[in-house]
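Student: Residue-level listing of the chains:
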Amino acid sequence: MSSDKNNINLKLKVWRQKNSQTEGAFETLDAKNVSPDASFLEMLDAVNEDLIKKDKEPIVFDHDCREGICGSCGFMINGEAHGPQKGTTVCQLHMRHFNDGEELVLEPWRATAFPVIKDLMCDRSALDRIIRAGGYISVNTGNAQDANNIPIPKPDADEAFMSATCIGCGACVASCKNASAALFTSAKITHLALLPQGRVEQDQRALDMVAQMDAEGFGACTTTGACSAACPKEISLINIAKMNREYLRASVLKKEELSGGGDG
Amino acid sequence: MSSVLDSKIPSGSIENKWKDNKFKMKLVNPANKRKHSVIVVGTGLAGASAAASLGELGYKVKAFCIHESPRRAHSVAAQGGINAAKNYQNDGDSIYRLFYDTIKGGDFRAREANVYRLAEASVSIIDQAVAQGVPLAREYGGLLSNRSFGGAQVSRTFYARGQTGQQLLYGAYQAMMRQVDLGSVELNTRREMLDLVVVDGKARGIIVRNLLTGEIESHSADVVVLASGGYSNVFYLSTNAMACAVTAAWRAHKRGSYFANPCYTQIHPTCIPVHGENQSKLTLMSESLRNDGRVWASKIKGDMRKPHEIPDSERDYYLERIYPSFGNLAPRDVASRQAKFRVDEGYGAQGQEAVYLDFRDSINRLGEDKISERYGNLFQMYGKITGENPYKSPMRIFPAPHYTMGGLWVDYNLMSTIPGLFVAGEANFSDHGANRLGASALMQGLADGYFVLPYTVGDYIANTQLKPVKDTDDAFKAGQDSVKNEIQKMLNIKGSRSVESIHKELGRIMWQDCGMSRNKAGLTDAIGKIANLRKTFWNDVKIPGVANEVNTEVEKAGRVADYLELGELMCRDALSREESCGGHFRDEYQVDGEAKRDDDKFCHVAAWEWSGSADKAQTRHVEELKFENIKLATRSYK
Ligand SMILES: Cc1cc2nc3c(=O)[nH]c(=O)nc-3n(C[C@H](O)[C@H](O)[C@H](O)COP(=O)(O)OP(=O)(O)OC[C@H]3O[C@@H](n4cnc5c(N)ncnc54)[C@H](O)[C@@H]3O)c2cc1C
Ligand code: SF4
Ligand code: FES
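If you read the sequences in order, they're chains V and X. Using our numbering, the first residue of the first sequence is number 1, and each one after it goes up by one. Using our numbering, the first residue of the second sequence is number 265, and each one after it goes up by one.
Wrong hints could be hidden among the right ones.
[Stated by the list, open to error] If the Cβ cut is set under 7 Å, some of the chain X residues that face chain V in the computed set are:
{"no.": "1", "residue": "K288"}
{"no.": "2", "residue": "R336"}
{"no.": "3", "residue": "A395"}
{"no.": "4", "residue": "H539"}
{"no.": "5", "residue": "P588"}
[Claimed, not checked] Straight-line distance between alpha carbons at most 27 Å, and here's what the computed DSSO-like set of lysine-lysine pairs gives:
{"no.": "6", "chain 1": "X", "residue 1": "K299", "chain 2": "X", "residue 2": "K288"}
{"no.": "7", "chain 1": "V", "residue 1": "K18", "chain 2": "X", "residue 2": "K806"}
{"no.": "8", "chain 1": "X", "residue 1": "K565", "chain 2": "X", "residue 2": "K656"}
{"no.": "9", "chain 1": "X", "residue 1": "K820", "chain 2": "X", "residue 2": "K748"}
{"no.": "10", "chain 1": "V", "residue 1": "K53", "chain 2": "X", "residue 2": "K820"}
{"no.": "11", "chain 1": "V", "residue 1": "K56", "chain 2": "X", "residue 2": "K820"}
{"no.": "12", "chain 1": "X", "residue 1": "K806", "chain 2": "V", "residue 2": "K53"}
{"no.": "13", "chain 1": "X", "residue 1": "K518", "chain 2": "X", "residue 2": "K297"}
{"no.": "14", "chain 1": "X", "residue 1": "K753", "chain 2": "V", "residue 2": "K56"}
{"no.": "15", "chain 1": "X", "residue 1": "K768", "chain 2": "V", "residue 2": "K32"}
{"no.": "16", "chain 1": "V", "residue 1": "K86", "chain 2": "V", "residue 2": "K32"}
{"no.": "17", "chain 1": "X", "residue 1": "K731", "chain 2": "X", "residue 2": "K297"}
{"no.": "18", "chain 1": "V", "residue 1": "K56", "chain 2": "X", "residue 2": "K806"}
{"no.": "19", "chain 1": "X", "residue 1": "K748", "chain 2": "V", "residue 2": "K13"}
It is worth saying that the hints were derived from the structure and are not from the lab. Backbone N, C-alpha and C define an ideal beta-carbon position, used for all residues, glycine too.
Model the full assembly from the supplied sequences, consistent with the hints where possible.
Tutor: If you want it as C-alpha cells, here you go:
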C-alpha cells in the first residue's frame, strides 16, 4: 500500500453525451488525491462518487471484469485507445503511469459502426453480427468424436490460440483512420482456419464474415498497423494478411463455381 | 423445519441412473419442438451452451444477458482450466475417481447422483469443445495437454494457457451465434431480468429492464432457464466481475424458488491482496499456479524483511508441512484457512495480510521460458496490478471471495421448486457441496447446458399441460407494475448515501462475520447490522438521473437491494448450520484447525423458502443426503 504522499491530482476533460440522439461536449473534472496503485477505472469510480455527492450523473463507461479479459472497457485517453500502455486494456492501466498535474482527454471510440450510447459507452454489437455471419464451426452438441482423435501440431494450435485471444474490445477499429474491423475479423477467420475442424467451412466463412464487416459500415483496411499497435491482446497483423489470402482464394473458387455451369 | 423436497433421483445403480433416466424420458417430436419456447436468462458458459443446444434441437429460444455481448459474461475470466475424466495421462483417472474427488472435495455435502452424472458428462465436454475449435493446450505430439489442480492426485485439468474460460465461452458463444444466424435463438443483450412471472404455479416468463432505454418489457415462454451466475459480490470485494449479481436468482426466490445452502461460499486462497480504500475488485491468481509455485510464510513473527532476504531455513512452506500428500495442491478451503491462520498468528508478508507464492525453484528447474509459456498472462497481470515482477520476487497473495456453491435449489433434473423454472451453472446449488474443487465450475456449467438441460427441459415439456400464455396477460402487467414501482421508489428517496458506499459497508460486514470463519456471536451481530443497513438503503440512498434512459446507478441499486436481503439469509444459514464443512468454517466446530462436520445432525441440504417480506424470517427446509457409494468419512489431505 502506498502512502498518500505519492498520490496525484489530475484534470480530466471527459466526453459527456446524454444519448445517441443528442450532441456531446467535453466537461472538465478534477480527479483528486489519486493513489498510484489504483486502476484507471478506480480513479473514475472516485470521480463518479464525487459527482453523485453533488447530485450529478456519473460518467458512464462500459466495464465488467476489470482484468483485461472481457473486452467491455475501452475509450480513448489523449487520442490513444486504452491509453498509453502497450498491450493493456484501460481497466488494467494503473495510475502509477501518470504524473501529478497531467491533463487527460477521455473520449469514446469514434466509428460509424460504433454509435455512442452515452458518455464513453458505445454500441459494438456490429462485432457480434460479424461472428454471427460465420465465426463458428458448424457442429451440433453431442456429435463430437474423441478429442484426441484430431491431433493438431502444437505450432498450429499455439498460433490459433494467439488469434483466438481477441477480446472484441474494438480498440483496433477506434485507432484505425478508416475505422476498419479487419484485425478483429481476421483474428477469428485465422483462428478457425488454422484448425482441421475449421477448415471444412473456411471459404464460406471468409466470404460471409468479410461481407458482414462491410455491411456494418466499417472502413477498408490499408494495413497501416495502427490497430495492432493499439490492440491490448497484441493481435498480429499477420492475421489480416491471412484473411486477405483466405478471402481471395474463396472469391476465386466461388467465381469458378458460378461460371462452372455444370450439367444441371 | 420440514422436509418436502423431492430430489427426483432415479433409482438404479449410480452408473446407470442417468443412462436409464434419459431413456425413460418422454420426447417432444421435432415438429412440436418449434411450437415450444424457452427463455434462457444468462449467456455465460451455462446459458450459452444451453441456448445453443436447445436451439439446435428446434426449440424457439430467447436468450437474455445484462452484457453488451454474450462474449463478456463473467465465465470469460476463468483462468486455470476445466476438469475431465479422460485419463489421457494414464495416471489412474476415471469417472469414478472424479466423482469421488468431487464428493470428498465438497466435504460430503453434495448429492451423489448429480456429481456422478457431472463426472460422466465431463468427458463429452472436452470432445465438444475441441470439435468447436476451442484451442486447448497441446503437447508437441499434437495431443491435448493436462495440468493438476487442487484436491486431486491425477492430472485431469485441460486448459488454454491462463484463459480457459475465455476460450470455452467463445466456443459456446459461437455455437449460440450460429443458432442466432439460423433463426432458432433470439438474442436480447443489455437486458436485466427483474422478475419471474408465475402463472398457475408454473414459470411462464420474465420481466426485464432494457438497460439502454429503461423500458420494462415482458417476455413469455413455456420454460424459463436461469443461468445467471454466482453471488460472491455480496462481499463487495471479490474476484467476480462488477455486474455479477444475485438479482435474477433472488427475484425468482421471492416468487417461490427455494434458495439452498446460501452460506456455502468459496474463499480462494491465491488472490492479489487489497491495495487501498478505492479498490473495486480483487484479482485472482489461478490455482494452476500452485502446480509450480510454492506457498510460504516467514517462520519469524512480524518479519519485515524482503522475501529474498529470508533464507530457506527461515521459510515455512506450511502447506507442504501440514499436508505432505497434497502439499501445495491442498483444496481451496483448506489452503485459504491456513493462509488466514498464518496472518492471524503474525506471520504475514512484511506485516501485511499476505503470504508468498514463490516460483524461484521452478524457474531454476524449468527456466523462465517454460514458466512464461504456462502462466505468461497471469504473471503479466500480476505485474500490471502490483508494479512488481513475479519472475524476480515471489507473488504476495491472500484469500478472497471467489465462488458460491449455494444457489437456487434444484432437483436431479435441474428444476427448481417452481415447475418450469430450471437453473444451471453457478446459479444453482447442485454439485459442489460445501467446497468446489478447482476447474470444476466450467465443467458443471457446460455439463448443465450441453448435456443435462436439453434432455430434462424436453421431458418437462412433453409431460406438462401448458396453456397458452401471452405477455400481455394480467400476471405480466402485475410483474411490470411491481418492477416499475420499486425503481421509482428507489429514485424518489434522494437521500445522502451512494449505492456504492452501502455496498461497501455490506461487504465489510459479510467479510468480517460471514467470511473465512464464522461464529455465533459474529453472525448474530451481523444479522442486526444488515437489517439496519437495509433500512439505511431504503431511507437514505441517493440515485441520480431518471429511470427511462441508461442509468448505471439504477442498475447497481437494484442489485445491492437484493444483496442486502441475501446477506442476511447467508448469515442465518451459517448460524443454523452448527458444524463446519468445506468453506463453511464455524470457530466453535473444529479439531486442530480442520473442519468438524456433524453428520448426525447436518448431513443435509438447507433450502430456504421466502416468507413474503425481508423482515420476516424465512423457512428452512431440508433435503437429507444419502451416501450409498462413497462412505462418509472425515476428509483428510494429510
Ligand atoms: C476470476 C475467476 C476465475 C475462475 N477460474 C475458473 C477456472 O479456472 N476453472 C473453473 O472451473 N472455474 C473457474 N471460475 C468459476 C467459473 O468461471 C464460474 O463459476 C462460471 O464461469 C460461471 O458460469 P455461469 O454460466 O454460471 O455464469 P456467468 O458466466 O457469470 O454468466 C452469467 C450470465 O448471466 C447474465 N445475467 C446475470 N444476471 C442477469 C439478469 N438479472 N438478467 C439477465 N441476464 C443476467 C450475465 O449477463 C451473464 O451472461 C473462475 C471464476 C473467477 C471469478
Ligand atoms: S483485435 Fe485487438 S483491439 Fe481489436 S477487438 Fe480484438 S482485442 Fe480488441
Ligand atoms: S473491464 Fe473487462 S477488459 Fe476491461
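Student: Taking the hints in turn, state whether each one holds.
Tutor: Here's how the hints hold up against the structure:
no.	hint	in the structure
1	K288	violated, 19 Å
2	R336	holds, 4 Å
3	A395	holds, 4 Å
4	H539	holds, 4 Å
5	P588	violated, 34 Å
6	K299(X) with K288(X)	holds, 23 Å
7	K18(V) with K806(X)	holds, 20 Å
8	K565(X) with K656(X)	holds, 24 Å
9	K820(X) with K748(X)	holds, 15 Å
10	K53(V) with K820(X)	holds, 16 Å
11	K56(V) with K820(X)	holds, 16 Å
12	K806(X) with K53(V)	holds, 8 Å
13	K518(X) with K297(X)	violated, 30 Å
14	K753(X) with K56(V)	holds, 19 Å
15	K768(X) with K32(V)	holds, 21 Å
16	K86(V) with K32(V)	holds, 26 Å
17	K731(X) with K297(X)	holds, 16 Å
18	K56(V) with K806(X)	holds, 11 Å
19	K748(X) with K13(V)	violated, 35 Å
Violated hints for the displayed structure, listed by number in ascending order: 1, 5, 13, 19.
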